[in-house]
Structures are given as structure tokens and as C-alpha cells.
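Trainee: Here is how the chains run, residue by residue.
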Amino acid sequence: MTEINEQLSSLIDNENVESKSLDALIHDKEQQDVFSRYHLIGDVMRNETALNIDISELVMAEIAQQPSLATVTPITATVVSEKSDNNVVSFMKRFGQYAIAASVAGVVVMTSFITSQPTLENNGIEVLNTVPFGGGVSPVSLQANKGQSKQALQDRHERLEALLKDHQLQLQVQP
Amino acid sequence: MNRHSLFSTIVASVLLLLTPLGNAIEVDGNSKELVVKEESTIPSAIEYLQLMQKSYQIENYEILYLSSLQKQLEPMQLIHGIVDGEEASYFRYLNGVIRESLQYAGKISYFEQGRPAYTIESGQNRSVFANIANFDYVKGKQSYDYVILGKGRIAGKQSIAIRMISKDDYRYSYVVWCDLQSALPLRLDTINKSNVVVEQIMVMSLNVSESSNPWLAKLTTNALPETVHIPESTTDNSSQWKTTWLPTGFSVIKDDQHRLVMHENEPVSYILLDDGIVNVSIYISEKKLTLEEPQKLIRRGATVLYTEHRGEVEINVVGDIPVATAQRLAESIKLVTDDH
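Those protein sequences? They're chains A and B, same order as listed.
Residues 0 to 174 in numbering that gives the first Met the number 0 are what the first sequence lists, from first letter to last.
Residues 0 to 339 in numbering that gives the first Met the number 0 are what the second sequence lists, from first letter to last.
Hints are computed from structural coordinates only; laboratory data are not their basis.
The C-beta atom is built at its ideal place from N, Cα and C for all residues, glycine as well.
Every clue listed holds true.
Chain B regions said to be covered by chain A (calculated; three or more residues, Cβ under 8 Å):
1. 111-125
2. 309-319
Calculated from the model, a selection of chain B residues having no Cβ within reach of chain A, i.e. all distances over 10 Å:
3. A44
4. Q52
5. G84
6. E86
7. D135
8. K138
9. K166
10. S172
11. D188
12. V196
13. V251
Computed list of chain B residues with no C-beta within reach of chain A, every gap over 12 Å:
14. E46
15. L50
16. Y136
17. Q141
18. G149
19. I153
So that you can see chain A by itself, here it is in the shape it has in the complex (with noise of 0.2 Å):
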């Protein structure tokens, strides 16, 4: 793989590759194939693996397989049992089809506000920058909501970015 990229990144940095080599990398199906390997796109296509990983049963499986602990009470086996027919996991399944539309789109994962001072540009109005995750946003930026409680401003959150979502699913499946 390390001497596939180097030869891409040769391609892309330097047009002057010669030709046999460009056509080796494209013509060469073990090449292809590991490369592809790297993309989920190609697995889900060939329908080698299940593109949903749900490694819980596996993780489940795995603990099963351990010699008890004493001190462990075991609890897993309920855990599995009713894992299977609950209702709620085939819920939420079906929310995330939708959910992802959204973010391959590019759509915002909003996690916390933070207030800018009111300037020209926007006329005045207060501000609130998202601030996606991973950003490093202080907690000191909760402040700019209080009186409002935080289960409050989490239903906003999720409402807003139901919303930010909904606005790239109507755009994507326009006629």
C-alpha cells in the first residue's frame, strides 16, 4: 500500500510519470484490489462485509468466551437477549438513514454556542457560532444561555440540526 500511495502522490505531484507505470497501477487488479480495500464503497458493492458495523455482538461474544471472574457477576446475557427484538434499536436504524444524508452533505454537528459581539455586519443581531466537534470551545460559552436549562437547549440543538439536515435532504432530492 505505502508504495501504491508513493506512486499516486508521484502521479499527482509529477505529470511526467511514465506512461507503463500509470497503466500498471490502473490495469493491475491485486493493486486495485487493495487499494480498494481501504473504501467501504468498494466492500459494500462486492457485498463482502455488512457496511453496518455493529461490533456489539462480537465485543458480546468475546466476553462470553472469557473464564468468569468471581467477582464479576455476570449481566451480559440479558443484555443480549433483549437486544435483538427491541424496538428502539430498528428506531433509531432508520433515523440514522436519514441522519447521514445530511452529513455527507457536509451539514454541522452543533455541540456548542458561542456569542460574538454584535457588529455592523450583522446588523446588530447576536451571534452564535457552531462550533462542530472536536472544536475547542470553553465551557465558559454556556453562559451566553443562562436561565435556560441544559435539557432545554439540547431539544434546540437537536431540532436545529434536524432542520440544517432537512434543508440538504429537500436540495439533494429536488426534481
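Dock chain B against chain A, hints included.
Mentor: Structure of chain B alone, referenced to chain A:
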């Protein structure tokens, strides 16, 4: 490959010499190379933009690019090609969770790590640069002026910068950089009225080829994930709300009542506006949560989400527009009929 490069270099050099003297550049349909026409004049800004549009649709290319907004960088890749006479494009995020999409023959499939893959029926191209590549520049003259800013170098390519200046304050302006050789877009800056870049897309590597990427062709022949059907709008299709004001160039292209599938199936009245470059969604719904401030505004790059409360009604405006436009649109929403 070597001869090809040499030829390109010669053409580029000739262009550099001749262009200031009053010659035109055109995309030749057969060789897909730029040729110099002796008798023509320098292409105008709009002609460059139209060349860019054509190349974006018909060429086989691969780009690596960065999307930059609010100090966040996101590297992405797009592979575009013509497979059996139809456009195919493959897109992926290069960092973090694997997110990919494939668009071909009226369908777009999404793949994300840990989630079931699915397909949506969609004839819309929403990938990078698609907004400027599908814009009707002639019609757009009512909203924008097109000006050539000059030449520069982007992603190692000689390129030309063209500014689309908004004629009013209700939309953003743009600077589009096009490769002089292939005419493909290399950079797009979204600029507010204070000349601040609010969003930027910058190509780092562009690779144009004669034939499409074989991997792309292979993908299009494989079975797609299951198609998801988006719930229908209500039988009474039209929204009971109307906008009483629209910025120049915008028109209502959709008007319905549907449910937010991602949020408790909440019913909303919905209006979709379009000006060719950006789309604006307006949601009118029941007020769910009392906010401390009467108005709320969320912004990420060029995208704004503006909320207005009016009695028991909540109006949300979403789109890549300046705040003032979103605010005025929300204010312009009026109830047409009341059947309930």
C-alpha cells in the same frame, strides 16, 4: 504522457504570449485542449465562467481539495468522469470517519462507517463547485457583475480569477479561480459585503485525464445499496404561508407541508427558494421552546440559520445568505389561508 505535457506547455506558453494581444481561448471539443483563435478577442469574464461550466461537466478529472471555514479545514476528494455517456462522481472525506458518496444515473448513494449504506433518487449535483458549475450566468447578470481580477497560480496551475460581485447586499459575492488549461474551477471564495472570506474551497491537486478513472466505471456497474424513499408531502401540498418579499433573482421552487423525519416527525410548512447559486429553506412550525432572546442566529461559514418567533409560530430560515436577507425573509412570511 511526455508528449502530451510538452504540447500543453507549448500551448500554455503560446497563450501567455498571445492572450494580451487580443486572442481568444476556447475548449476544442475533440482534443479537449485549449486552442488559440487568431481572429477572436480575449474571452470576457462570463465566457471564462461558461468554459468552466462545460469542462466541469464533460471532463474526466480528479481533485483533492480543502474546504475551509471558521478556521476549520476539511480535506476532500472528488473523482469525476463520463461513464457510458453519463456523469459519474465519487466523493469522499479524507479525514476522520469514512464518508463517501457515489452519484450516477439519477441516483446518489451514501456510505458511512457504522451506518447502513443507502441510495436516494436525485438528479441534483450537490458536490463541490456544483453551484457555480450549474449557474445560468446570462440570467445571473441581473444579480451579479462579472469581472476578471487577474491571473495567478493555484494548485501548481496557471489560473484566472473572476469575481462575481453581487449588485445588492442580499447575497454573497464570489471569486472563482479557473485553470487556464482545462478551465476547471480551482478555488472558490465566498465573500460577504465587508470583503471578508466566509468560506473557501481550494483545490490542492487537479488531475485531468483523457479517459475516466477505471475504478469509477467499475463502481457504477455494481449493485447500489437499497433506495430510500423520502416520505411524501401531505395531500394538501401547498404551504399555507407565503413570502411577501424575495431578493432579486430568487424564486420559490418548492412549497409544501412535510414532516421532519429526523426530528420526531414534526410537521412543518416548507418553502424552498432558489437563485441558481444558493438555496434557501424556510420552515414554519409550532413554537416548541421559548428562547430567552427573541431572535436567534446560527452561522457556520456562509450558512445561516435564523429563527424568529411570532406568537405561537416559529419561522426558521436556512441557507447560504447574509443575515440581513434571512431576517428580511422571515419577516416577510405571511399566513395565506387558515383551514384549521
